[in-house]
Every structure is written in structure tokens, then in C-alpha cells.
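Novice: Okay, here's what each chain looks like letter by letter:
Protein chains: 2
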Amino acid sequence: MSETVRVVVDAMGGDNAPYEIVKGAVEAAQSRSDIRVILTGQQDRINAELEKYTYSKEQIEVVHCEEVIETAEPPVNAIRRKKQSSLVVGMNMVKHQEADAIVSAGSSGAILVGGQMIVGRIRGVERPPLAPLIPTEKGVALLIDCGANVDARPSHLVQFAQMGSIYMENVVGIKNPRVAILNIGLEEEKGNALVKETYPLLKELEGINFIGSIEAREIPHGGADVIVCEAFSGNIVLKLYEGVAATLLSKVKEGLMSSFRSKIGALLIKPALKQTLKAFDASQYGGAPLLGCNGLVVKTHGSANANDVKNSIIQCVTFKQQGINDRIRDFIAREKNTKSE
Amino acid sequence: MSETVRVVVDAMGGDNAPYEIVKGAVEAAQSRSDIRVILTGQQDRINAELEKYTYSKEQIEVVHCEEVIETAEPPVNAIRRKKQSSLVVGMNMVKHQEADAIVSAGSSGAILVGGQMIVGRIRGVERPPLAPLIPTEKGVALLIDCGANVDARPSHLVQFAQMGSIYMENVVGIKNPRVAILNIGLEEEKGNALVKETYPLLKELEGINFIGSIEAREIPHGGADVIVCEAFSGNIVLKLYEGVAATLLSKVKEGLMSSFRSKIGALLIKPALKQTLKAFDASQYGGAPLLGCNGLVVKTHGSANANDVKNSIIQCVTFKQQGINDRIRDFIAREKNTKSE
Chain A
0 MSETVRVVVD AMGGDNAPYE IVKGAVEAAQ SRSDIRVILT GQQDRINAEL
50 EKYTYSKEQI EVVHCEEVIE TAEPPVNAIR RKKQSSLVVG MNMVKHQEAD
100 AIVSAGSSGA ILVGGQMIVG RIRGVERPPL APLIPTEKGV ALLIDCGANV
150 DARPSHLVQF AQMGSIYMEN VVGIKNPRVA ILNIGLEEEK GNALVKETYP
200 LLKELEGINF IGSIEAREIP HGGADVIVCE AFSGNIVLKL YEGVAATLLS
250 KVKEGLMSSF RSKIGALLIK PALKQTLKAF DASQYGGAPL LGCNGLVVKT
300 HGSANANDVK NSIIQCVTFK QQGINDRIRD FIAREKNTKS E
Chain B
0 MSETVRVVVD AMGGDNAPYE IVKGAVEAAQ SRSDIRVILT GQQDRINAEL
50 EKYTYSKEQI EVVHCEEVIE TAEPPVNAIR RKKQSSLVVG MNMVKHQEAD
100 AIVSAGSSGA ILVGGQMIVG RIRGVERPPL APLIPTEKGV ALLIDCGANV
150 DARPSHLVQF AQMGSIYMEN VVGIKNPRVA ILNIGLEEEK GNALVKETYP
200 LLKELEGINF IGSIEAREIP HGGADVIVCE AFSGNIVLKL YEGVAATLLS
250 KVKEGLMSSF RSKIGALLIK PALKQTLKAF DASQYGGAPL LGCNGLVVKT
300 HGSANANDVK NSIIQCVTFK QQGINDRIRD FIAREKNTKS E
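The listed protein sequences derive, respectively, from chains A and B. Heads up: the first sequence is residues 0 to 340, going by numbering that gives the first Met the number 0. Heads up: the second sequence is residues 0 to 340, going by numbering that gives the first Met the number 0.
These aren't lab readings, by the way, just hints derived from the structure by calculation. A quick note: this is a predicted structure, and the numbers were derived from the prediction, not measured. All clues given are correct.
For identical chains, the list gives no copy identity; a pair is met inside one copy or between any two copies.
With a straight-line cut-off of 20 Å between C-alpha atoms, the simulated EDC-like cross-links for lysine to aspartate or glutamate are:
#	residue 1	residue 2
1	Lys137	Glu253
2	Lys195	Asp150
3	Lys94	Glu60
4	Lys189	Glu69
5	Lys238	Glu186
6	Lys238	Glu136
7	Lys137	Glu168
8	Lys82	Glu65
9	Lys202	Glu186
10	Lys238	Glu187
11	Lys189	Glu72
12	Lys335	Asp325
Kindly produce the complete structure, drawing on both the sequences and the hints.
Specialist: Have a look at this one:
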């Protein structure tokens with residue numbers, strides 16, 4: 000049997016906490032015997048949810064935490080002051096190697112700050128990027144960085160490229176992933192100062208399959224597997240993806256409901272449409288990892304349901320079993336050696 | 000009758016030149032008697048197209064130009080060397096006030112460079128932004144800047160906000176347009192260095208209706224009328240809009256064609272769907288203006304058809320008749336006075 004992986008799940012974070020979170024934790028444990036889940040949060044509420052299910056008791060543990068970090072709280076304050084919150088207690092468990100990973104659907108800001116301040120960076124990693132998967136025509140692409148580091152420097156982007164490539168190959172299973180830098184044109188001389196400085200560094204970087212620039216238009220077409228960008232641009236891509244898709248689908252629905260004729264048509268197309276649109280959905284791959292930390296921090300979206308939580312937990316297992324952090328450490332060490340040669 | 004507006008149309012630019020371009024010019028002239036079109040390009044080819052139509056001869060003139068700028072040519076070289084190209088000749092006519100505006104579906108780079116180098120900036124305008132309209136649930140929004148000025152400074156963004164607001168109010172007809180800055184969160188302290196520096200300047204700026212930050216997710220929902228951003232982010236928004244929409248619609252089509260049942264359904268929904276999706280289309284408002292030049296430069300997309308060209312020409316007429324450049328000059332003068340007070 001594979002090594003058992005211990006995953007903390009912040010039972011109080013997200014819009015659907017604790018019920019969907021607990022349900023997802025149970026489903027993950029039911030699906031694989033090599034998972035141990037530690038649910039952090041208000042014991043009574045968690046236990047009330049757990050009672051609904053049948054599962055192997057030794058796979059799920061509850062650690063009581065009195066406090067909850069709210070979405071609106073300033074992240075740095077929340078992390079510093081709420082030592083007894085489900086998120087901070089969970090992160091401390093990862094820090095002290097009592098757990099391998101933590102999954103939370105709570106405040107993005109608190110997760111990012113906590114990941115850096117509590118769990119801490121792998122030695123040599125300059126800035127841990129948040130790297131969600133986004134759907135494409137061909138499958139998924141990793142958008143790295145997507146919220147953690149605004150005003151990043153070229154050396155940060157080089158590390159993002161390497162960490163993203165390792166993740167995509169070993170966790171998502173894309174062989175020799177195509178790495179591209181987000182740009183506003185394809186030629187090497189295109190772009191802003193950051194991209195122009197980073198491009199030649201990526202071109203020289205050993206161990207990644209750098210294919211050059213990618214324009215935003217080509218992202219949904221699946222033009223690259225790993226899309227390197229600083230967080231401001233990455234966040235725009237992520238959120239616009241959601242916004243355009245939501246608006247367009249609501250326009251399609253509006254069209255379907257606009258006449259008697261189209262309503263009949265809608266009934267006929269519904270199953271087929273659902274099927275193809277489901278393919279355009281990245282949530283089966285879990286949440287967004289904050290890469291480069293000592294342990295794994297995974298942020299699932301605020302409205303995560305049980306299935307999202309389950310997939311995020313399984314993602315942590317693959318991450319640990321594939322030794323992603325050791326691979327990142329190796330890369331950092333090689334990079335250092337190259338520089339000092 | 001309103002003042003006659005003289006619009007140069009680059010008959011050789013774009014994928015559908017010259018036939019769709021000439022057709023659009025003729026349709027514009029047919030639709031309004033206050034338009035005079037000057038078609039620049041290869042006379043024989045233009046005349047061969049013109050012969051297909053009936054129109055009032057005094058409304059359309061042809062100026063022969065031997066050269067054509069290709070899309071792949073480096074823009075600065077093309078503008079400097081191809082003095083006899085349809086684009087450069089046309090821009091020189093605007094510069095020398097032999098025309099009020101120019102419309103081209105040719106190379107974006109050449110249009111941006113030519114606009115700045117030949118037509119020239121209004122005195123006091125630091126950098127002319129390219130400002131396309133993008134579709135939203137509620138209508139359209141102006142994305143300013145979207146390709147002209149990477150690594151912009153706060154003072155540029157302030158001018159973009161003002162010029163965009165003037166354009167949206169007087170050309171598109173949105174009263175008191177809501178101006179927002181593209182950001183990755185709503186709070187004033189969010190954003191990268193550029194946004195953080197620009198935000199308070201916009202807050203203080205008189206004469207615009209500044210509503211704060213807008214996240215990319217809210218753009219398609221119509222969260223603002225004028226979206227201020229530097230060109231790198233703006234270009235990402237513009238191109239991702241296209242990419243996500245294209246991918247999603249192709250997924251919908253794929254679903255519709257996947258079974259016999261869904262194909263019957265597709266026939267029933269087609270007219271209604273076409274109607275609602277048409278509403279999510281900004282091309283009726285013409286091309287993207289390069290604002291802040293002495294005269295108006297409008298870039299329509301490379302695959303522009305006759306209708307796009309016609310709408311771009313009519314946009315130039317509104318621009319001129321509403322005295323947009325005078326309004327921009329007034330704003331620049333006021334801004335200068337405020338600074339020197």
C-alpha cells in the first residue's frame with residue numbers, strides 16, 4: 000500500500016462550511032484507504048455532520064478550534080490574532096509535520112498569508128505562487144501565479160515556471176508540459192518590462208519545455224499547459240474566465256427560454272449540452288495549490304462543494320506521494336549551483 | 000444639416016480588403032449625406048469594387064497609393080519607409096487636416112505607431128490609448144488602454160479615465176459613465192504599485208464619475224462603463240474575452256451536434272439563441288479609437304466586414320460632430336491650470 004497522507008481540512012472555511020466540507024472529507028476517506036483527514040473547527044458542529052455518514056473512524060479525526068476567520072477580516076491581523084482558528088491551528092499542524100497538507104475554502108488572503116507566515120517557504124523559494132487549474136478545450140492549464148505576488152520580479156517568474164512544470168507533470172499527469180509566458184504578442188521583443196526581462200531567462204532554463212509567449216486568446220484553446228504570469232495578470236485571467244463564461248451561459252439560457260419553440264428545443268439539447276460543458280470544468284482536479292511551502296497548502300474556492308473538497312484532498316495525496324516538494328528542493332539546489340558556478 | 004465629416008478609409012488594410020472595406024464605405028455614404036469618404040489604396044482594385052454599387056459620386060473619392068503595409072512588417076519600419084502606403088498617405092491627410100479621421104483594419108502596430116508619429120498627439124496628452132468597446136450583459140464598456148502603452152504611469156491612467164469618460168458620454172451616449180480601475184480586489188489598498196498610486200488620483204479627479212476598483216469578473220456583468228487599465232492588462236482582457244467566448248460557443252455547438260435528439264433541439268433553438276448572442280456583440284459600435292490624437296484614428300479588427308467598416312465610419316462622424324477633441328483639449332488645459340495653481 001502507498002504511504003498514508005495526512006490532510007488537514009479547515010472545516011469552518013467557505014460558504015458551505017461545515018456540511019459540504021465534512022461531506023467531502025468523508026467521501027475522500029471512503030474512496031481511498033491511504034488518506035487520513037484531520038478536520039479542524041467547532042467540534043459539535045463537525046461531529047453533528049459526521050454522524051450522518053458511515054466511514055472508517057481511524058481515517059477521520061476532529062481537532063477542536065474555537066475561532067473562525069471571517070472572509071472580510073484583514074488577513075495579516077486574522078492570522079496573527081486568531082491563534083485558535085481552524086485555519087491557523089491546521090497550518091501549525093503542517094508546520095510541525097503533524098500533517099502533510101491543508102485544504103481550506105476560507106478567506107484567500109488569510110490562506111496566502113498563513114501559508115507564507117506559518118507553514119513557511121521551502122528554503123530558496125523566493126515567493127510561493129498560487130496556481131489554480133483552469134479549463135481549456137483540451138483539458139486544463141495551470142495558471143501560475145494567480146493572486147499571491149503582485150509586482151513580481153523575473154527571478155520569481157522563473158521559479159513559477161519550474162514549480163508549475165513539476166506540478167503539472169507529476170500531479171496532473173501531463174508529460175513534458177508546455178510552459179509559456181503570458182504576453183500580448185508572440186514575438187520575443189513584445190511585452191512589458193517584466194516579460195521582456197523574464198523571457199530570455201525562461202528560454203535558457205533547463206528542465207522545462209518552454210514554448211515562448213502565449214496570448215490570452217489562446218489560453219482557452221489549450222495553447223499551453225503551464226502559463227507563467229505575475230499575480231495581477233493571472234488574477235485578471237482567472238476572474239475574467241469566470242465572468243465571461245457566466246455571462247455567456249446566462250445569455251444562452253435566456254435565448255433558450257425566450258419562446259415556446261426554443262423551450263421545446265432546450266429540453267431536447269439539455270443532456271448533450273450538460274455533457275460538453277462539464278468537460279469545460281476544472282474542479283475535478285481539486286483546488287489551487289500554494290506551491291513552494293513546507294508542506295502543501297490548497298485553496299479551494301469559497302463556494303466549494305463536497306466534490307471539490309474531496310478532489311482537493313486527493314490532490315494532496317498525489318502531491319505528497321509524488322514527492323513534489325523534494326523535486327522543488329532539487330530544482331532550487333541545482334539552480335543555486337548553476338548560479339555559483 | 001450637420002457639418003460634413005471627411006473620413007479616410009484604408010482600403011487595403013485587413014483580411015477582407017478591399018472588397019468588404021469598399022462595401023462598408025459605400026454603405027456609410029448611402030446611409031448619411033454628411034459623410035465624405037476618401038478611400039486610399041490601389042486605384043484599379045478600389046474602382047473595380049466601387050463599380051458594383053450605386054452611390055452619390057461626390058461622397059466618395061479615391062486616392063491612389065501604390066504600397067500596402069503587411070501585417071507582419073515591423074510597425075516602425077513600415078511607417079517610416081512605406082510613405083506611399085494606403086495607411087501612411089491616409090494618416091498624412093488627417094495630419095494636414097485634409098480629413099477629420101482615418102479608419103483602418105490593417106496592422107495594429109502600424110496604426111498605433113502611425114497615429115502617434117504621423118497624426119500626432121493633442122498637446123498635453125502624454126500617451127494616446129487604444130480604447131475598444133467590449134460587450135457586457137447591459138450593453139458595452141470601454142476598455143482603455145488596450146494595446147498602446149505598456150508600463151504606463153499613473154498620470155497616463157488619469158488621462159485615460161478622462162478621455163474615456165468623454166468618449167463614452169458623447170460618442171456612445173452613456174450619461175455620466177461609471178469609471179472604474181481594473182484591479183484584483185475592491186478595497187483601496189488592493190492592487191499592484193501602479194493601481195495603488197493611481198487610485199487616489201482618480202478619486203480626486205473632477206469631472207468623472209469614479210466608482211473605484213472593478214474586478215475582471217464584473218466586467219462582463221457590466222460593472223462599469225469605462226474600465227481604466229494599462230495596456231498589458233487591457234490586452235489580456237480583450238483577448239481572453241474573445242478566447243473564452245469562442246471556446247464556450249464551440250463547446251455549446253459540439254453539444255448540440257452530439258446526438259440526433261440534440262440536433263432536432265438545435266434547429267428549434269437556433270433563431271432565439273442567435274438573437275440573444277447578437278446582443279453580446281460590440282461591433283455595432285464601430286472600431287477602437289486611438290484617443291488623444293490630432294484627428295481621430297480608428298482601428299477596426301483585421302477580419303472586419305462591411306458592417307464593421309460602416310459603423311467605424313459613422314463613429315468618426317459622431318466623434319467629430321460632438322467635438323470630442325475640443326473637449327479633450329479643454330480637459331488638458333484645466334488639468335494644467337489645476338497643477339500650476
